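Chemist: Residue numbers (this note's numbering), protein chains in the order written: chain Y, 53 to 353; chain D, 320 to 907.
Rather than coming from a laboratory, the hints here were simulated on the basis of the structure.
Bear in mind the structure is a predicted one, so any value in this text is a computation, not a measurement.
All residues carry an ideal CB built from backbone N, CA and C; glycine is no exception.
All the pointers check out, no bait thrown in.
Derived CB-CB ranges, DEER-like:
hint, chain 1, residue 1, chain 2, residue 2, range
1, D, 557, Y, 206, 32 to 42 Å
2, D, 710, Y, 198, 52 to 62 Å
3, D, 476, Y, 198, 48 to 58 Å
4, Y, 98, D, 557, 26 to 36 Å
5, Y, 69, D, 640, 33 to 43 Å
6, D, 557, Y, 284, 44 to 54 Å
7, D, 555, Y, 206, 33 to 43 Å
8, Y, 86, D, 552, 23 to 33 Å
9, D, 749, Y, 82, 29 to 39 Å
10, D, 648, Y, 284, 47 to 57 Å
11, D, 906, Y, 191, 22 to 32 Å
12, Y, 82, D, 557, 19 to 29 Å
13, Y, 86, D, 640, 41 to 51 Å
To spell it out: a stretch of chain D is covered by chain Y in this simulated footprint if at least three of its residues, at any positions, have a beta carbon under 8 Å from a beta carbon of chain Y; those stretches are:
hint, stretch
14, 412–422
15, 556–567
16, 604–615
17, 784–793
Now for the letters of each chain:
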Amino acid sequence: MLLLVSAITFLLVNLAPGGPASLMRMDATPEQREALSLRLGLDQPVPVRYVQWLGGALHGDLGTSLGSNEPVALRVVQRLPNTLLLAGVALALSIVIGIPMGVVAALRRNSVPDFLLAAVSILGVSVPAFWLGIILILALSVNLNWLPSSGITSTAGEGGLVDRVQHLIMPALVLSTTVLPYVVRFTRSALLEVLHQDYVRTATSKGLARVRVVFGHALRNALVPVVSIIGTLVPRLVGGSVVTESVFGWPGMGRLAIEAANGRDYPLIVGITVIVASVVVLSSLIVDLAYTWLDPRIRLA
Amino acid sequence: MRMHWLHWRSGAAALAALVLFGAGCSPAAAPATQPAQPTNPPPTTAAAAQPTAAGAAKPTTAPASQPTQAAAPAQPTQPAQAQAAGQPQAGGTVTTPIGADPTMNPWHPNAFVESVFVNRVLFDSLTRPGKDLAPAADLATSWDAAPDGMSWTFHLRDDVKWSDGQPFTADDVLFTFNDIVLNQALAATGKGNFTAVQNVEAVNPTTVKFNLSRPFSALPSYLAYNAGILPRHAFASQDPFNDNAFNKGKPVSSGPFKVESYASGDSVVLTRNDAYFGGKPYLDKLVFKVVPDANTQIAQALSGELSIMILDNKAAVDRVKSAQQVRVEPRQLVQYYWLSLNQTDPRFTDVRVRQAFDYAIDRQAIITAVEKGYGKPANSAIVPAFTTYYDASHDSDYAFNPDKAKQLLASAGWQPGPDGILQKDGQPFQFTMDVGQRGVLQPTNELIQQNLKAVGIQADLNSMEWNSYIQKVVVNRDYTATVNWWVYPNDPDVFPYFASSAAGKGFNIPGYKDPKLDALLTAVQTETDLAKRKQDVVDLQSYMSANLPYVFMWYPQELDVINANLQGVPDLNLRDAMHYVQEWWLKK
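Please build the complete structure, drawing on both the sequences and the hints.
Modeler: Structural data, given as structure tokens:
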């Protein structure tokens with residue numbers, strides 16, 4: 053499957069109009085472009101280049117980034133942990149905040165809390181991440197000076213836990229707005245569906261406390277569709293991270309992908325795609341495993 | 320009961336959301352009136368720094384009058400703030416933003432605009448931009464041209480040490496030019512500026528001689544333009560463009576600051592070089608922080624995280640000016656925007672048509688709209704920043720005059736058609752303009768489109784992503800009309816952009832061919848007597864202004880946002896000001 057992804061991506065990027073940024077400079081002469089083309093191995097036909105890349109990839113060598121001359125694997129490894137951290141925290145925030153919000157909305161259906169949460173959800177879906185990011189930066193960094201506005205740490209490489217958390221709060225919050233509304237709404241509707249089931253009525257009529265009914269029985273069943281939704285939200289996080297990382301100067305994969313695409317850095321684009329595809333496959337696997345834990349009726353096939 | 324989506328409560332929720340959103344979007348809250356455009360990244364690919372390629376020219380005689388015979392080169396500017404603000408104090412860190420990771424090698428093909436700033440601090444050149452943009456001493460103390468103009472000799476300092484303690488010698492200059500710049504296979508960036516250089520030889524360890532294939536008056540200025548000298552010993556047998564420990568790590572440098580650490584995507588931290596030949600710098604550290612988003616840069620300048628930056632998004636200027644903690648200063652640039660009418664299209668070969676375009680387009684209105692007034696209409700390629708050479712009285716004045724435009728078009732045979740569009744021989748005056756999505760080009764083209772419509776010309780816009788645009792328009796010359804700009808070294812030698820020999824594949828984008836213009840360009844390129852050169856530039860300026868090889872648009876200004884505590888920054892655009900970081904200091 054990864055083979056197919058890599059082949060399609062390789063073909064598409066190499067056929068795209070434009071060329072590597074180092075060739076597409078206004079100050080480059082035709083001789084320079086030709087010489088560079090030769091140096092970068094771009095004079096060879098696309099299938100030949102793909103086979104060369106594949107040969108290297110199977111040995112773990114994902115090629116050399118055109119934009120920085122460093123190995124692709126190195127560039128990705130430098131950035132991937134940062135994005136995983138950001139996306140992971142954003143997802144955790146969404147789950148930790150979103151599921152309780154969804155539960156409240158379901159239990160207090162059609163009342164003021166439900167109404168407010170619906171408004172928040174609509175806001176979250178509608179508000180563009182870059183706008184929210186800038187507003188937060190203006191409010192919290194410029195006007196109030198509470199939080200730093202970009203980067204992972206204050207000085208590169210150093211910075212204690214507190215410093216890192218300070219840098220993480222705003223981007224993680226902004227990124228979580230891309231998935232939080234979905235978590236809230238799906239939890240709400242999933243729980244509502246479950247609350248109408250026969251076994252819930254049975255449990256209530258048996259005299260179980262409401263809390264026990266909801267958290268002991270209903271929620272666990274409601275979470276199965278919610279978990280599957282979360283699985284589909286992971287790619288959304290990856291995409292949303294592009295904008296968030298740009299606004300907050302977060303050195304992550306999203307920004308790397310945009311730079312690579314703009315600069316037609318073919319090996320880097322293919323490398324990132326392959327790795328992100330792997331991450332998505334992995335997250336689907338984790339979601340499947342989570343199913344079996346949540347719902348004993350589902351066994352690993 | 321289920322809530323129908325048409326229920327009044329969900330409508331009210333949506334309304335509440337809209338109201339909150341609207342309140343948040345009020346101008347008082349947002350720093351920029353336009354949302355951050357995804358197509359407006361701080362340039363990571365080179366468009367802002369476009370050095371010239373010097374073309375061929377006829378030899379000439381006469382000794383140089385640009386700093387020659389050990390005459391005192393132009394002094395670096397005495398910063399006015401220093402006198403006003405008191406005595407310089409030592410210490411502190413200055414932070415400035417860059418859009419992406421730099422490559423710490425000024426000749427590397429991946430050295431785009433962000434690298435320019437870093438490399439101008441790390442690596443000294445033979446000359447640096449001085450006051451009035453004339454070349455000032457840097458690694459070379461003086462220079463002179465041979466009587467026949469076919470070589471330049473530079474006398475080098477003998478007290479410069481590289482950051483690893485090795486001495487700087489003529490051999491490093493030879494390595495930089497003979498092994499890197501002039502090496503065809505390496506395709507060093509900026510090599511196009513030195514096509515007149517055949518080789519560099521060492522007369523002795525502190526004197527080098529540039530042997531030329533034709534006279535080249537602008538050489539000292541070009542050596543101040545992204546032309547840092549690299550140390551031979553640091554590269555040993557390594558390919559200089561594959562040496563990541565140098566280019567992406569800790570290079571061996573000679574400048575006032577050297578690399579302490581580099582974190583990809585985050586920053587490059589430079590620390591003071593106490594052994595710098597120009598004296599110990601005042602600042603402790605200079606940090607280049609990667610901040611890709613223009614609005615975030617503004618926010619950080621206002622919060623004090625950034626000490627100095629270029630305000631790319633001029634729409635925010637009013638908000639920034641009102642802040643007490645920063646000052647906003649306009650700077651002169653060696654840059655002009657132009658509209659290129661492809662000369663392979665017969666409609667554009669008539670000079671009256673080109674002039675009509677210049678009259679039809681309200682350049683002042685464009686400057687007000689996209690540059691917030693920080694610019695001046697341009698009628699030639701000689702920029703006002705060249706105070707020695709530029710004289711507005713030699714320009715033809717193309718002040719906005721649609722009626723004049725219509726007259727000129729009529730005299731060229733264009734008559735209004737039934738739908739108001741001009742026609743000639745049954746063909747309507749209609750074409751497509753390719754628009755590269757970068758900077759102010761999109762709104763500029765839209766304004767031009769309206770101006771042209773008013774005189775009966777229909778210009779359709781084809782907006783393209785920058786990389787594809789370069790390939791189509793610049794590499795393949797597959798375009799009819801397009802707006803763009805040139806930035807070039809601090810010298811009026813503009814031969815590469817206008818010469819007939821540069822049409823087609825070279826930097827003569829319109830493909831304009833005119834032997835008379837070639838002669839004028841060559842005179843400026845080869846004349847070494849200053850007084851005669853001034854006259855040559857005047858003649859060139861008049862001729863190109865009258866004949867409009869490009870339809871000249873405007874000279875932009877750069878707006879620098881500087882923290883109130885930062886002193887000692889000279890009145891130069893930020894790239895040139897980087898050559899003086901050893902004079903910058905922070906008021907405590």
